[in-house]
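From first to last, the protein sequence lines stand for chains P and Y. Residues 248 to 497 in our numbering are what the first sequence lists, from first letter to last. Residues 1444 to 1924 in our numbering are what the second sequence lists, from first letter to last.
The reader is advised that the hints may include incorrect statements.
[Stated by the list, open to error] No more than 27 Å apart at the CA atoms, straight line, and that leaves these computed lysine-lysine pairs for DSS-like:
{"#": "1", "chain 1": "Y", "residue 1": "Lys1800", "chain 2": "P", "residue 2": "Lys386"}
{"#": "2", "chain 1": "P", "residue 1": "Lys386", "chain 2": "Y", "residue 2": "Lys1901"}
{"#": "3", "chain 1": "P", "residue 1": "Lys386", "chain 2": "Y", "residue 2": "Lys1897"}
[Stated by the list, open to error] Which residues of chain Y face chain P? A few of them, derived with a C-beta cut under 8 Å, are:
{"#": "4", "residue": "Ala1879"}
{"#": "5", "residue": "Arg1880"}
{"#": "6", "residue": "Leu1882"}
{"#": "7", "residue": "Gly1883"}
{"#": "8", "residue": "Met1890"}
{"#": "9", "residue": "Lys1897"}
[What the hints assert, rightly or not] Ranges between beta-carbon positions, derived for each pair:
{"#": "10", "chain 1": "Y", "residue 1": "His1862", "chain 2": "P", "residue 2": "Asn376", "range": "38 to 46 Å"}
{"#": "11", "chain 1": "Y", "residue 1": "Gly1870", "chain 2": "P", "residue 2": "Asn436", "range": "30 to 38 Å"}
{"#": "12", "chain 1": "Y", "residue 1": "Ile1518", "chain 2": "P", "residue 2": "Ser364", "range": "15 to 23 Å"}
{"#": "13", "chain 1": "Y", "residue 1": "Lys1901", "chain 2": "P", "residue 2": "Gly392", "range": "12 to 20 Å"}
If you're looking for bench data, these hints aren't it; they were derived computationally from the structure. Just so it is clear, CB atoms sit at the ideal spot from N, CA and C, and this is done for glycine as well.
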Amino acid sequence: MLKINNLHVAIGDTEIIKGLDLEVGSGELHAIMGPNGSGKSTLGYALAGREGYEITAGSIEFEGQDLTELEPEERAAAGLFLAFQYPVEIPGVNNAYFLRSALNAQRKARGEEEIDSITFLKTVRESLNSLKMDEALLKRAVNEGFSGGEKKRNEIVQMAVLQPKLAVLDETDSGLDIDALKLVAEGINAQRNAQRSFVVITHYQRLLDYLAPDHVHVLSDGRIVESGGQELSERLEAEGYSFLEAESEA
Amino acid sequence: MNQTTQQVEKVIQQRYKAGFFTDIESDQIRAGLDEEVIAMISAKKNEPVWMLEWRLKAFHHWQTMTGPNWAHLKIPGIDFQKIHYYAAPKQKNRPKSLDDVDPKLLETFDKLGVPLHERARLAGVAVDAVFDSVSVGTTFQKELKEAGVIFCSFSEAVQDHPELIREYLGSVVPYTDNYFAALNSAVFSDGSFVYIPKGTRCPMELSTYFRINARDTGQFERTLIIAEPGSHVSYLEGCTAPMRDENQLHAAVVELVALEKAQIKYSTVQNWYPGDENGKGGIYNFVTKRGDCRGDDSRISWTQVETGSAITWKYPSCILRGDRSAGEFYSVALTHNHQQADTGTKMIHLGKNTTSKVISKGISAGKSNNSYRGLVRMARRADNARNYTQCDSLLIGKTCGAHTFPYIESSNATAKIEHEATTSRIGDDQLFYCRARGLGEEDAVAMIVDGFCKEVFKELPMEFAVEAKALLEISLEGAVG
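The following block holds chain P by itself, in its conformation from the complex (with noise of 0.2 Å):
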C-alpha cells in the first residue's frame, strides 16, 4: 500500500526527517510514537502534500504510485487520508456542505458518480451516531466553535465518510478525555478492514491499547530508530524516550 524509501523533508533549511523508511501493508495499522520535536507531524504533512514540506531526496510510493507528483487534492482522491492535529475553522461553510463537496470533488477526479444527498445523509447520519455527535453539527460551520473533543471526532466523521484506502491520524487522540477517545478508537476500529490501512501518530500508550496496532515505530530525529509489536509502546509508556537513547550508547 505505502512505501516510504530514505525519505528527507526539509522546511526551509532545516531538514527534519533525515532518511525514513516504512512500509504499510493492506489493512494494516501502524502506530508512530516520538518525541516532541522528532518529525511525526511534518511525516503527516509530507505525506498529504503540504507546501512547504520539501522533499529532498528519497521517495513515497502509494498503490504503486509516485505519491510526491500529486498535488493534495489528488493524493485525497487516490485515496490518502490525513486527520489533523489541529482541524481547521472554516467560517460560513457548512460542515455538511463542505464534505458533500470534498466527497463529489473526489469522486469526480477518480470518474464516478456524484452521491446524491439522501445517500450522503445517512452516511453521514450514521457515523456521527456511532460517534456520538449531535446531528446539529452538521448544520454548523466545519469546526467553528467546535470544542477540542468535537473537532478531532469530526475529523473521524470525514474519514468515515470518505473512505480512504490509507489514513493517517495525527495526535486524533490528543486532548480528548477518556469517554471520548474510547469512541473515538471505536470509531478507526469500525472503518478497519483488510483493504484500508492506518499510520495513527500518538504520544500515548492508551489509543493503542484499543487499536492493538500491527506494528509499532519509534521516531526520532527524522529518523525511525525502533520498530517492534505492541509491546514496544508498552515499554515507552513504562520507560519513557530514554532507553533509546540508554541503547543508541551502549
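Starting from the known structure of chain P, fit chain Y onto it as the hints suggest.
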C-alpha cells in the same frame, strides 16, 4: 509572495466580462459644466421651469463647495470641465414601447444578462434599463400599473407625476448635502422612480440596470422610491461599464422614503469597471444613498455587493425618524489590484425604540485598500434605541490594506450600541485543509470567500445572490494554471 497568495490572486484576477463597448450613435451635449449646459440638459428632457430652477440652485451651491477629503482614499483631481454630462443613444422619437427600441441597445442588455424583450425577460423582475444618460425602456409596465405601482424612468416621472417629484425630490438628500450630491442635483440625467401606494405589496421585484457606454461621459442618475403606509417593495440595482484607460465619473443620488409600517429593501450588485491590474482606468463611484424611515414601524434595508470601481465612496444610510423604525445595512466589498473603497453606513436614530443592524464584510486583495466607515448616532429623544454592528475584514496576500473607522455618538443613556470587528487572512492552513479533503484550490478559495460573505448573501434576492456569488466566487474557467 507565497504560493497560496498567487493561487488566490489567480482566482481573483478574472476577466471583466462586461467590458465591451456598444458602437451606437450618441447625442452628446458638449463637455463642460455651466448654466448653459444645465439648461440644455433640462431642455432635452423638456422639463418644467421649477425643475430647471432647482438644478441651477444646486449648481450655484456646488460652486461654493469643495470635494470631500476625509475618506481613506487617494482621489486624483477631477476636471469637471472635461466631462460630458449628457450622452444618449440617438433615436428619433422617444420609443413608445420596447418594440421601438434600437435593437443594438436591446442586444447590449442581452449581453449583460438583462434581456428586456418580452420572450426572454427575467420572470418576476421588472427592469428599467438606463444607458448613459437615459432610460431605454422599462419592462412589465402594464402588470405594475394594474397593481397601482408606478415604476418608470425619472424623466418620465417629472412629466407624468410632477406633484410627487416636487414633494419628495431632495427631501432625503438635499442638494446642499455634500459635494457630489450637489453636482448630481445640478446635472442628473435619468434614473428610476418608484411609487408604491398605500397597503400595496409590490407584485414583483423592481430593478434598474445602469450602463455607462459613451467615452468621457459621467453618469449622474437619481433614484427616488416612495413607499406609502403599509406598502412593501424590493428593489435591485446593477451596474457595468466598458473597459477604458481613462477614468469615468459616476455620481448618483438615491432617496428612499418609507412611511408608516412601509418596508423598502434595496439591493445593489455594483460591478463598474475597476481599472486594470496596474490601476489604469476604472469608474470613480461617488454615491449618496439615504433612506428615511419617516413613519413609525417602517423599515429600510440596504444590501450591497461592491466588486467594481477604481474608487468607491458610498455610505447607504438610514434616518430612523419614526418610532420603532428599523434600519439594516449588509455589505460585501471586494477590492483588488489598485482599487480603493471607502464604504459603510450611517444609522441616525431619532425615534424611540429604533433598531439598526450593520453587517459589513470587506475582502481586500492585490494592492487595494478597503475601508469600512460607519456612524451610529443616538439622538436625545431616541429612548431604548439599539444598534448592532459587525465588521469583518478578510485579507488576501500581504500588500493590501483593511481599515475600520467606526464613529459612535450617543446622546441618550438608554441607547445600546454594540460593535464587533475582526480581521483575518485566507490562511495556508484553511486552503490546505480543503485540498487535503479533495477540493481543488479554486473551489477551496471560492468556498472560503463564500463562507465569509454568507450573512450578506442570504439577504439578497435569489437572482442577485446567484450573480453576486458568481461575481465573487468567479467562474473558475481560465483560472486553472
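Could you work out which of the previously given hints the structure breaks and list their numbers from low to high?
12
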